[in-house]
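Visitor: Line by line, the protein sequences give chains A and B. Just so you know, my numbering puts 550 at position 550 of the first sequence, and the rest follows in order with no gaps. Just so you know, my numbering puts 1 at position 1 of the second sequence, and the rest follows in order with no gaps.
What the hints contain is simulated information worked out from the structure, not anything from laboratory work. Even glycine gets a Cβ: it sits at the ideal position worked out from N, Cα and C. Don't take every hint at face value.
[Stated by the list, open to error] Chain B stretches covered by chain A per the calculated footprint, using a threshold of three residues with CB under 8 angstroms from any CB of chain A: (1) 2 to 13; (2) 25 to 34; (3) 45 to 58; (4) 71 to 77; (5) 80 to 87; (6) 93 to 103.
[What the hints assert, rightly or not] Anything over 12 angstroms on all C-beta distances counts as not near chain B; from chain A, calculated: (7) Ile-137; (8) Gly-151; (9) Gly-408; (10) Gly-484; (11) Ala-556; (12) Gly-589.
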Amino acid sequence: MLLWLLAILIAAAVAPTVNRVVGSLGGGSLGGWVLAVVPAGVFIALLRLWPSVVNQQDVSVFVDWVPALNLAVSLRLDGLSLLFGLMVTGIGALILVYAGAYLKGDDRLGQLWMLLLLFMAAMLGLVLADNLLTLFIFWELTSITSYLLIGFNSDRPESRASALQALLVTGGGGLVLLPGLILLGLAGNSFEISTLLTSAEPIREHAFYLPMLLLILVGAFTKSAQFPFHFWLPNAMAAPTPISAYLHSATMVKAGVYLIARLHPILGGTAEWFWMIASVGAITMVLGAVLALRATDLKQVLAYATISVLGTLTMLLGIGTEATLVAALAVLVAHAFYKGGLFMVAGAIDHSVHQRDVRELGGLRMAMPATFAAACLAGCSMAGVLPTFGFIAKETWYESVGHVAGSGFLAASILSNVGLVAAVGFVCVKPFFGRRTESTRHAHEGGLAMWGPPVVLGIAGLALGLLPTRISELLAAGSGAIAGRAVPVHLALWHGVNVTLLLSLLTLAGGITLYWILRQGQLHRLKPYFYFFEGVTQYGPSRFYHWLLRTVNQFARGQTAMLQNGYLRFYLFTMVGLTVASVWMALGGELRSHLKPMPFDVRGHEVLLACLILAAAVVAVRATTWLLAVGALGVVGYCVAGIFVLFGAPDLAMTQFVIETLTVVLFVMAFSRLPEFRRLSTSATRGRDALIAVVAGATITVLLLFAMTVRSSHPISDYYLAHSVSEAHGRNVVNVILVDFRALDTLGEITVLAIAAIGVYSLLSLRPSKQADGEGDAAEGTEVSLRKGVPGTQFDSTAGHAADQEGV
Amino acid sequence: MDILLAITVGGLYAAGIYMMLRRNVVKLLIGLGLLSHAANLLLFTAGGLVRGRVPVVPDEGAWPLVIVADPLPQALILTAIVISFAVLAFALVLIYRTYQTLGTEDLDELKATDT
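Turn these sequences into a full structure, and let the hints guide you.
Guide: Okay, structure coming up:
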């Protein structure tokens, strides 16, 4: 199984090359056929495992990844995984072919194939994963790849915004999902789903049951576009149609449904499970169907219809009787076939006439006969007309929901299906019948790669309807995996005349009537209802999303403006203030017990040195000329060197003397070119700063005294003293530490010095051109204004860059 | 002596911080210099003071027989002195060039990266 994933990933890696090679050989879009071989191969490999899976023999792979973290790449193929895996690879192969035709001649075709294959690998991994964390990683990978796919037309702002919205909603859901999965893993004491299955009972009675269920459901609902997170799916239609056909009908949006199904045997069967999932699903189902009729864009109609079906699946899984589980899988399979096909039909129409507005379309059946045939097959399945698989799915659905006593679920189901039948009218009838319109006059059929895939899906839907025995096996295995026990499934096309059939007929009649009303332009009569739904649904969550996005951005801007205000002293003040505050918070209580009187043992010359340092510091602070300040700084440095001499550190003293001299010389050289001190601040500011400085200084004094009382009795330098001669053969221990024991540190120090030297050299050698002409002092007004007038010159940018680095 | 040096270190810190809070970029440099001295002295004092006993192993022994000054803080400070010199030199040149280019030493006029 790992090989399958690897094969798809390799195909993704070589997709751009394949595109180039095939393109240069004059093959045009044939690369799609070449690449489709890989998912088709995986599809066949999955089919070969069908018999063993159907006989309840799961296939699994276990690779220990990070044992210390309980991370394992474990994959398992059971009925549910097989069902999803076949959809992912089968439809994926068709989509690759279709995408080749759809984006024929586009430079980005290779990129599209690559992203589609990457997504396919992520999705396949998601449905095969047997470890919660592996599952989560693939889950997130689908979010990221779908972000890239939705934003495929990256030059269009609305496309980018839609991609970001999808990422924020599904990625945010993923963030919520992760703690849910971790809670589940903790409660079940394992992250392996197959192990968790054996401890379902304790997990359902665990104290964390409700929180984990809520967290996981938020993740699943965002991914599967359930109310109130449904708004991202219609916007995601900004993607090119092959992507919508793949992600937003058959795969990605089903991931949430898959998760609910996968965890059903562990978490399902409780009242919380039933009410939360079934009710959200029912709301989404009705909402999607109503909003589908409001839309005029072909893809939007399909997107809302998809939301409706996703709601159906969620509802059926929430109800969770054996019959509804089977029905959910049947609807899932039927939907994958017909919705994938219909999206491709919509794409073919768009590709041919560059128009997706239903009102502008008409009369295409003669111009695009193959597409029309595909639309008919898919439309019949969507409307649930005999003898398609869609009919069987709907029968099973009605039948199963009808047995849930006293519920409005059946009514909601019929209501949503009436809407879907009417939507079929808009997608499959309106564009093809009637007179040709202005937009469709020059319509023409696309190539085989364009109409072939939807026809294949349509025929498959029909074939499954006529011969439902084989698929029954798979549905039995799949629903067995969801239910956690064997479920007998006997699908048949004809059940005889019963209540369910009558309900189906009623649905069809209602849908056709609704379509007829809407087509007759009687829309205004229904408008108030639509506005009601629009207000409740489209605007509510969507507006909240935009408000949230705006507010977060505003907050970030405001916070940045406040904290990063450009005043260096403000940053310093923050740092010093926080340090002082945290020191006092840490010391607070312990100070009194630790501070004990220390022997005040000083000698005269030491006092003299200390006083000299303090006096020089005061002079440096109060100096009105730079020369005095630099001189005072030098005095401080020499006196510190003196202290080093007195307390047994001659090496330090020598270094300090040399460096101090260098520093003073350097300062004098540079400062002679700089202006005299100006007094820039008011006395109030100076008083405030003095207070801050004194408090900080006093804190350091106290901290230092405190540090000296808590000193351990065994300094680590004993080791250096003892081993200096025996191991490093040197008698000056300080030198030995620098060049031997801690030689790497010294190397680092030398590196810093070298980098600083390079910085100094490059700053000095990059002279502004004016300067080179000897046009006088740098501070001269005219030159300054000239330099200010020419931003972005070489020197400016370098200086700015260096300043940034310094800031870091 | 510990107390005296602790007070000295505190005084140097106060002076350094005060100077770094100035708007004048030249004063900021002086403050940086004071602060690095303060930090060195802080390390030195915190490492423990031993009068006049250099951490050198006498010729006739394998290790010092009497208590000597702690060599470890000294090694640290030696590194710190050199690094702070590098930082000071770099900052000095940076400020010098900034002044040449922009003609101001007032930090409040250097708030944005674009001139």
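Visitor: Which hint numbers doesn't this structure obey?
Guide: none
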